[in-house]
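A.B. asks: Just so you know, the sequences run in chain order Z and Y. Per my numbering, the very first residue in the first sequence carries number 1; after that it's consecutive. Per my numbering, the very first residue in the second sequence carries number 135; after that it's consecutive.
Mixed in with the good hints there might be a few duds.
[Unchecked claim] Straight-line alpha carbon distances no greater than 30 Å define the calculated DSS-like cross-link-like pairs of lysine-lysine that follow: (1) Z:K108 x Z:K71; (2) Z:K71 x Y:K256; (3) Y:K256 x Y:K205; (4) Y:K248 x Z:K71; (5) Y:K229 x Z:K95; (6) Z:K71 x Y:K229; (7) Y:K256 x Y:K229.
[Stated by the list, open to error] Stretch-level coverage of chain Y by chain Z, calculated; a stretch enters the list once three of its residues show a Cβ under 8 Å from a Cβ in chain Z: (8) 170-176; (9) 252-259.
[Claimed, not checked] With the C-beta cut set under 7 Å, the calculated list includes, among others, these residues of chain Y facing chain Z: (10) L149; (11) V164; (12) L203; (13) K205; (14) G209; (15) V235; (16) L236; (17) G239; (18) P249.
Calculated directly from the structure, the hints in this document are not laboratory data. Glycine included, each C-beta is placed from N, C-alpha and C at the ideal position.
Here are the chains, one letter per residue:
Protein chains: 2
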Amino acid sequence: MLGRLNHVAIAVPDLAAASALYRDTLGAEVTEPQPLPEHGVTVVFINVGNTKIELLEPLGEASSIAGFLAKNPAGGMHHVCYEVDDILAARDRLKASGARVLGDGEPKIGAHGKPVLFLHPKDFQGTLVELEQA
Amino acid sequence: MLGRLNHVAIAVPDLAAASALYRDTLGAEVTEPQPLPEHGVTVVFINVGNTKIELLEPLGEASSIAGFLAKNPAGGMHHVCYEVDDILAARDRLKASGARVLGDGEPKIGAHGKPVLFLHPKDFQGTLVELEQA
Numbered sequence: 001m002l003g004r005l006n007h008v009a010i011a012v013p014d015l016a017a018a019s020a021l022y023r024d025t026l027g028a029e030v031t032e033p034q035p036l037p038e039h040g041v042t043v044v045f046i047n048v049g050n051t052k053i054e055l056l057e058p059l060g061e062a063s064s065i066a067g068f069l070a071k072n073p074a075g076g077m078h079h080v081c082y083e084v085d086d087i088l089a090a091r092d093r094l095k096a097s098g099a100r101v102l103g104d105g106e107p108k109i110g111a112h113g114k115p116v117l118f119l120h121p122k123d124f125q126g127t128l129v130e131l132e133q134a
Numbered sequence: 135m136l137g138r139l140n141h142v143a144i145a146v147p148d149l150a151a152a153s154a155l156y157r158d159t160l161g162a163e164v165t166e167p168q169p170l171p172e173h174g175v176t177v178v179f180i181n182v183g184n185t186k187i188e189l190l191e192p193l194g195e196a197s198s199i200a201g202f203l204a205k206n207p208a209g210g211m212h213h214v215c216y217e218v219d220d221i222l223a224a225r226d227r228l229k230a231s232g233a234r235v236l237g238d239g240e241p242k243i244g245a246h247g248k249p250v251l252f253l254h255p256k257d258f259q260g261t262l263v264e265l266e267q268a
């Protein structure tokens with residue numbers, strides 16, 4: 001069921017500084033910032049060849065990552081995103097096993113224009129897990 | 135300089151339970167536990183196709199992840215590991231840019247039998263970064 005790792009997301013307090021670090025010091029390929037108001041974040045993707053790192057900066061008042069940065073002011077690893085062939089089948093299988101889906105349980109459109117869901121970190125060893133339709 | 139993502143490491147309080155979750159509920163390919171006394175951890179690798187997830191359980195009294203689990207009893211994302219072509223050249227370039235290398239600054243042999251180094255999370259937006267010789 002679990003497909004490839006689409007990305008690792010890192011919440012950062014300063015997207016421009018973080019992008020410069022990955023581009024200039026680490027020599028990585030970095031995209032332009034992409035605001036996603038419906039998710040309350042601005043994102044930058046770093047291409048590391050086999051997968052991507054997603055840098056997240058809060059956008060707007062109700063940003064979902066503002067609370068995370070309040071607890072981790074320097075930033076930190078926020079979630080991992082796996083691809084699945086059928087997001088509704090994956091959701092139903094996980095719910096049947098007792099895992100909790102965040103929000104209203106219905107997929108939303110994510111940063112890549114594909115349906116995504118988030119699973120409760122308490123059901124995955126403290127790790128927030130995103131599923132994305134492959 | 136930054137190569138592919140070799141793995142994402144997740145510290146877990148119960149390696150057997152975490153392995154069962156990834157194998158049975160998430161349907162992933164999971165290795166047998168591998169004790170690494172010199173690193174103070176027992177590891178399990180989960181193959182997700184394009185990269186790996188490394189589950190870490192403390193091993194012994196002086197485990198490097200016991201403190202992390204004391205702060206995060208449910209577990210959580212612990213570090214990311216990138217491959218580099220030349221670990222000494224990467225280290226020297228990072229040090230020249232002001233990044234701090236943990237420990238004595240010399241590579242040790244990691245879980246894959248290759249030289250590894252860890253970089254200070256404060257220099258990478260709160261993210262502990264491991265470099266592994268490709």
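A.B. asks: With chain Z as the partner, please determine if V235 of chain Y meets the hint condition of a C-beta pair closer than 7 Å.
C.D. replies: violated (14 Å)
A.B. asks: Are the Cα positions of K71 of chain Z and K256 of chain Y separated by 30 Å at most?
C.D. replies: holds (15 Å)
A.B. asks: When the nearest CB of chain Z is found for V164 of chain Y, is that gap smaller than 7 Å?
C.D. replies: violated (10 Å)
A.B. asks: Would the hint on G239 of chain Y be counted as holding, given a Cβ-Cβ threshold of 7 Å to chain Z?
C.D. replies: Cβ of G239 of chain Y sits 17 Å from chain Z, so the hint is violated.
A.B. asks: Should the hint that L203 of chain Y touches chain Z count as held when the rule is a Cβ pair under 7 Å?
C.D. replies: The hint is violated - L203 of chain Y has no Cβ within 7 Å of chain Z, the shortest such distance being about 9 Å.
A.B. asks: Does L149 of chain Y pass the interface hint, meaning its C-beta sits closer than 7 Å to a C-beta of chain Z?
C.D. replies: Cβ of L149 of chain Y sits 10 Å from chain Z, so the hint is violated.
A.B. asks: Tell me if the interface restraint on L236 of chain Y is satisfied: Cβ within less than 7 Å of some Cβ in chain Z.
C.D. replies: Interface hint status for L236 of chain Y: violated (16 Å vs cutoff 7 Å).
A.B. asks: Report holds or violated for chain Z covering the region 170-176 of chain Y, Cβ cut-off 8 Å, minimum 3 residues.
C.D. replies: violated (count 0)
A.B. asks: Against the 30 Å threshold, does the CA-CA distance of K229 of chain Y and K95 of chain Z hold or violate the hint?
C.D. replies: violated (46 Å)
A.B. asks: Was the hint right that G209 of chain Y lines chain Z, CB cutoff 7 Å?
C.D. replies: Holds - the Cβ of G209 of chain Y comes within 7 Å of chain Z, reaching about 4 Å at its closest.
A.B. asks: Mind checking the alpha carbons of K256 of chain Y and K205 of chain Y for me, to see if they're no more than 30 Å apart?
C.D. replies: holds (17 Å)
A.B. asks: Are the Cα atoms of K248 of chain Y and K71 of chain Z separated by 30 Å or less?
C.D. replies: violated (35 Å)
When held up to the earlier numbered hints, the structure conflicts with 4, 5, 8, 10, 11, 12, 13, 15, 16, 17 and 18 and fits the remainder.
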